[in-house]
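K.L.:
With chain S held as given, fit chain Y onto it using these hints.
2 protein chains.
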Amino acid sequence: MTEPIREEDAPWARLASLLAIGEVTAVRDFLERLAPDEIARAITRLSGEHQQALMQLLQNAEAAELLEELPEAQAATMIEDLSAEDAAGIVGEMPGESQAELLREVGQEGTKAILQEMDAAVSDHIRERIEYEPESAGALMSERFLTFLEDESVGAALRDLEAHKERYADFHVQYLYVVGNRDDLRGVLRIRDLLLAPREQKLADLMIPDPVALSTGDGLEVVATMFERHPFLGLPVIDDDARLAGVVLRSAVQEARARRARKTFLKLSGIIGGDELRSLPLRSRSLRRLAFLCPNIALNLIAASVIALYQDTIQAVIALAVFLPIISDMSGCSGNQAVAVSIRELSLGLIQPREFWRVFVKEGAIGLINGTVVGLLLGLVAFLWQDNIVLGAVVGGALALNTLLSVVLGGLVPLFLKRCGADPALASAPILTTVTDMCGFFLVLNFASILLSRLT
Amino acid sequence: MTEPIREEDAPWARLASLLAIGEVTAVRDFLERLAPDEIARAITRLSGEHQQALMQLLQNAEAAELLEELPEAQAATMIEDLSAEDAAGIVGEMPGESQAELLREVGQEGTKAILQEMDAAVSDHIRERIEYEPESAGALMSERFLTFLEDESVGAALRDLEAHKERYADFHVQYLYVVGNRDDLRGVLRIRDLLLAPREQKLADLMIPDPVALSTGDGLEVVATMFERHPFLGLPVIDDDARLAGVVLRSAVQEARARRARKTFLKLSGIIGGDELRSLPLRSRSLRRLAFLCPNIALNLIAASVIALYQDTIQAVIALAVFLPIISDMSGCSGNQAVAVSIRELSLGLIQPREFWRVFVKEGAIGLINGTVVGLLLGLVAFLWQDNIVLGAVVGGALALNTLLSVVLGGLVPLFLKRCGADPALASAPILTTVTDMCGFFLVLNFASILLSRLT
Numbered sequence: 002m003t004e005p006i007r008e009e010d011a012p013w014a015r016l017a018s019l020l021a022i023g024e025v026t027a028v029r030d031f032l033e034r035l036a037p038d039e040i041a042r043a044i045t046r047l048s049g050e051h052q053q054a055l056m057q058l059l060q061n062a063e064a065a066e067l068l069e070e071l072p073e074a075q076a077a078t079m080i081e082d083l084s085a086e087d088a089a090g091i092v093g094e095m096p097g098e099s100q101a102e103l104l105r106e107v108g109q110e111g112t113k114a115i116l117q118e119m120d121a122a123v124s125d126h127i128r129e130r131i132e133y134e135p136e137s138a139g140a141l142m143s144e145r146f147l148t149f150l151e152d153e154s155v156g157a158a159l160r161d162l163e164a165h166k167e168r169y170a171d172f173h174v175q176y177l178y179v180v181g182n183r184d185d186l187r188g189v190l191r192i193r194d195l196l197l198a199p200r201e202q203k204l205a206d207l208m209i210p211d212p213v214a215l216s217t218g219d220g221l222e223v224v225a226t227m228f229e230r231h232p233f234l235g236l237p238v239i240d241d242d243a244r245l246a247g248v249v250l251r252s253a254v255q256e257a258r259a260r261r262a263r264k265t266f267l268k269l270s271g272i273i274g275g276d277e278l279r280s281l282p283l284r285s286r287s288l289r290r291l292a293f294l295c296p297n298i299a300l301n302l303i304a305a306s307v308i309a310l311y312q313d314t315i316q317a318v319i320a321l322a323v324f325l326p327i328i329s330d331m332s333g334c335s336g337n338q339a340v341a342v343s344i345r346e347l348s349l350g351l352i353q354p355r356e357f358w359r360v361f362v363k364e365g366a367i368g369l370i371n372g373t374v375v376g377l378l379l380g381l382v383a384f385l386w387q388d389n390i391v392l393g394a395v396v397g398g399a400l401a402l403n404t405l406l407s408v409v410l411g412g413l414v415p416l417f418l419k420r421c422g423a424d425p426a427l428a429s430a431p432i433l434t435t436v437t438d439m440c441g442f443f444l445v446l447n448f449a450s451i452l453l454s455r456l457t
Numbered sequence: 002m003t004e005p006i007r008e009e010d011a012p013w014a015r016l017a018s019l020l021a022i023g024e025v026t027a028v029r030d031f032l033e034r035l036a037p038d039e040i041a042r043a044i045t046r047l048s049g050e051h052q053q054a055l056m057q058l059l060q061n062a063e064a065a066e067l068l069e070e071l072p073e074a075q076a077a078t079m080i081e082d083l084s085a086e087d088a089a090g091i092v093g094e095m096p097g098e099s100q101a102e103l104l105r106e107v108g109q110e111g112t113k114a115i116l117q118e119m120d121a122a123v124s125d126h127i128r129e130r131i132e133y134e135p136e137s138a139g140a141l142m143s144e145r146f147l148t149f150l151e152d153e154s155v156g157a158a159l160r161d162l163e164a165h166k167e168r169y170a171d172f173h174v175q176y177l178y179v180v181g182n183r184d185d186l187r188g189v190l191r192i193r194d195l196l197l198a199p200r201e202q203k204l205a206d207l208m209i210p211d212p213v214a215l216s217t218g219d220g221l222e223v224v225a226t227m228f229e230r231h232p233f234l235g236l237p238v239i240d241d242d243a244r245l246a247g248v249v250l251r252s253a254v255q256e257a258r259a260r261r262a263r264k265t266f267l268k269l270s271g272i273i274g275g276d277e278l279r280s281l282p283l284r285s286r287s288l289r290r291l292a293f294l295c296p297n298i299a300l301n302l303i304a305a306s307v308i309a310l311y312q313d314t315i316q317a318v319i320a321l322a323v324f325l326p327i328i329s330d331m332s333g334c335s336g337n338q339a340v341a342v343s344i345r346e347l348s349l350g351l352i353q354p355r356e357f358w359r360v361f362v363k364e365g366a367i368g369l370i371n372g373t374v375v376g377l378l379l380g381l382v383a384f385l386w387q388d389n390i391v392l393g394a395v396v397g398g399a400l401a402l403n404t405l406l407s408v409v410l411g412g413l414v415p416l417f418l419k420r421c422g423a424d425p426a427l428a429s430a431p432i433l434t435t436v437t438d439m440c441g442f443f444l445v446l447n448f449a450s451i452l453l454s455r456l457t
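If you read the protein sequences in the order shown, they are chains S and Y. The first sequence: position 10 = 11 (my numbering), numbered continuously. The second sequence: position 272 = 273 (my numbering), numbered continuously.
Chain S extracted, bound-state conformation (with noise of 0.2 angstroms):
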C-alpha cells in the first residue's frame, strides 16, 4: 500500500538543494514554475532552518508574497521561526487585511515584538486593523483603492489613471471613490462610466452619490447580507468619523465565509484552538486534539457511569453488554445528522436560533420514523440472535426512544448554544452524545431491569 516518494526527485528535494546552494535567481525560477499548491506543499516539506533561509534570501516583498498563498497557520509558523526584524520587514510588505490576519494568528508576544521593529506610523496603523472584530468590515477591508476629489473632472482623473498605471496595477480599480476634503465619502464611479463621459464633466456630476457602504464594525453576517442584496464587486467601508477607511471585496467575503466553514468543519472533528496542518509543530498538534480528548473523556465517563449502576442486570443478562456500545454509536450518529442540518441551516439564515418548536416538530417526525426503523432492525437481530423476543423488544425499544431523542435534541442543541452566544459546531456534539448515550444506557438497562425475569 505504501510507495515512498523518490525523495530526490520531489520538488521539497530540489527545493532544499537550491536553498543550501544559497542561488537566490535560481530559487526564485525554481518556485516561479511550481503550481500554487506545488509551492505550499514542497515549503512546508521543507525543514525548520531552510524555512529560515528561504525567507532571508528572498526580497522583504517577495517573501510576502509567498507567504500569501500559504495556509495561515504555516505562514504564521513561519514567521514565528524569524527573528522579530527579519519577520517585521516581511510583515511590513503585506497588504494591512493580510498583515492583521496573520498576526492574529502569530499571537500576541510575537506580534509585539515584531510591531516594536517598525515604524511608530506603520506600526499604530497595523495594531488599529488588529483591534477590528475578525471577520468584521474593518478587518476584511483593503486599503488600496483610488480616491478622486469630487470637483475635480473626468479629464483630471483619467490623466491621473494614466500617470499611476504601473502602482494602481494592483488595486481594485472596479470602481473610483468620490471623497469631500475630509475625505468623507459623497459618491462611487464606475470605470466604465467614465468611458463615455465627457472630459470636462464634474466627478461630482457622474457620480452616484450616497452610495451603500458598510462600518468598519460590521459583522461577516451583515457584510455578506448586503454583498447579496446588492451586486457590487466591493463595497466602501466607513468608520466612525464617516471617512473612507477602505474597500471590502466580495472576494474577501466568499473567502472569510469558506473560512468559516473549515473551521466549522475541524471543530465538528475535534480539533480546536485552530487550523492543523501536519507541518506544524507536533507539539502543538497533540495538544489541540488533547485539548478536545481530555474533557470527552470526562463526558464519557459521566455517561458510562449509568452502566455501573446496573452492573447485576448486565451480570444476568450479559448479552445487553454487546448491545451497548450500538445503541451509543448509533444514537449518536442519528444526533449528529439533525446537528448537521441545524448547522447548516443557521448558516443559511434559513433558521433562526428561537426557532425551536419548528425544529422540535420537524425533527420529532423523523425521530418517530427513523427510531421506529432502526429499533425494528436492531431489535430483530436481538430476538433472531438469543431467540428471545423480550431481549429484542428491549434493544429494540430502546434504542428506538433514544433515536427519537437524540434526532430532536440534535436539532435543538445547535439553536440554543447560538442563542446563548456559545458556538454550536464546537459543543454540540459532545453535549450531545454525552446526554444520549447516558439515556440509552439508562433506557436499555432499565428496561432490561423490570423485564429481567422474562430475559433470563
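Just to be clear, a hint being listed does not mean it is correct.
Remember, identical chains collapse to one label, so a pair may be satisfied in a single copy or spanning two.
As the list claims (entries may be wrong) - Below are the DSSO-like pairs computed for lysine-lysine, each with C-alpha atoms no more than 30 angstroms apart in a straight line:
no. : residue 1 : residue 2
1   : LYS264    : LYS113
2   : LYS203    : LYS166
3   : LYS268    : LYS113
4   : LYS419    : LYS264
5   : LYS268    : LYS419
Hints listed in this document are in silico derivations from the structure and should not be mistaken for laboratory results.
P.N.:
Positioned in the frame of chain S, the structure of chain Y alone reads:
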C-alpha cells in the same frame, strides 16, 4: 426554552396572506423589502400550494430570479411541484449554468418532461450543458460575455457597448473577448485598456493575444489552480473545436468550492445523497438519513460481534462492560481528528494520495503521545474505581494501543479512498469506526482474558 414565534407577525404568514388574495404587486413589493435570507426563510415556510401560487403569480423571469436565491435543493423541489409547462417557462429564463445545476438536482424524469416543453434549440443547448461533468469548466461557465471581431476598431466597440448598455448590464464586462470568424478565441481586452486607446485602433492591435484559457472538460481542481496562478476575475473557456464557449468567473469557482466543502461537511455528518433542509418533504429527508443509518447498524453489529466472543470474560469482570463504550467512543474521536486533518490537507493540495509514509510517520507520533495520555487517564480511573491495578493496565493499555491504531488509520483511510477514486468524506468514518471498534473491543477483552486470574 421554546418560545413560539408569533405566527401572524412572521414574514411568511404575511406572504401567505398576500398570496391568498392573489395581489401580484403587493407580493412583489413585499419580497422587494426582504433581505435574501429573509426571502429564503419565508419561502421555505410556505405550504406547497402557496409556493406554487407564488411561482405562478410572478412573471417567469421574476420567478427564475427568486429560485436562484434559494438553496438548490429547495429550488428543485419547487420546480418539481409545478407542471412541466410552468417549470419550463421559469427554467427558460435562467442563465445556462443555473439551468443545468438546477435540473441536475431535479433528476432525469422531471428534467425530461421540462425539456420537452421547450423549443428544440433551447432544450438541446441545456442538454449539452447538463452533460458537462459537474463542477467542470463547462458546467461552471457563464454564457453572458461580450465578443468583438479582431478587425473591429476601438471606436466601433465603444459605440456597440454604449448602444447595448441595457442588455449588457447583466453581463460580466470586466473583459471583452476578441474572436476570429469561426468564434475562435484570439485575444482578451480589458475595459480599462479601451479607455485611453485611440478610437481608430484595431482591436487586434490592442488585445492581449493568445490569452490563458480553460477547456470545457477541465475539472474544478484544474480551474481553481488556474485562478490561483492568474489574477483575473474571469477566464475564457474554449470547447473541443477551439471556439469560445463561455467564461468562468472567479466567483463561480469560489462558490463551487464552498459547495463542495458543504457537501463534505454533510457527508461526514451522515447526510448522504444530497443536501437536506427541513422544508424538504419528510419522506426524502428520512430516507436520506436512513441510507446512512442502516448500513451503519450492520457495521456496528460486525464490530460488536467481537464482544459476543468474550461473554465469559465480561461475566467474570463485569466492570469491563462499563469501559467498552468509552474505548469505542474515544478511539473514534481520535481517529476522526486524523481523518479531518487528512481531508483538509487533501483539499488544500498539501498532501497527495500516495503519501502514505508521511502520514504514517506524522500520525504515528501523535498517536503515541495522545494514546499514552488518554490511556494513562482512563487506566487511572479504572484503577481507582475498582482498586485493581491490573484492570487499570488492561483498560489503559488497550485504549493507548487502540488510539495509536485509530490515529494512524484515520490519517491513512482518506488517502486510500481518494486513491481508489472513492469519496473520503463519505466512507472514512464508517470504515474507521468499524475497524477501531473491533480492535478496541478485542484488545481490552483479550488482555482481560489473559490476565483474568488477576482481575477477579
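K.L.:
Hint compliance check: list the failing hint numbers for this structure, sorted ascending.
P.N.:
When the structure is compared with the hints, none of them turns out to be violated.
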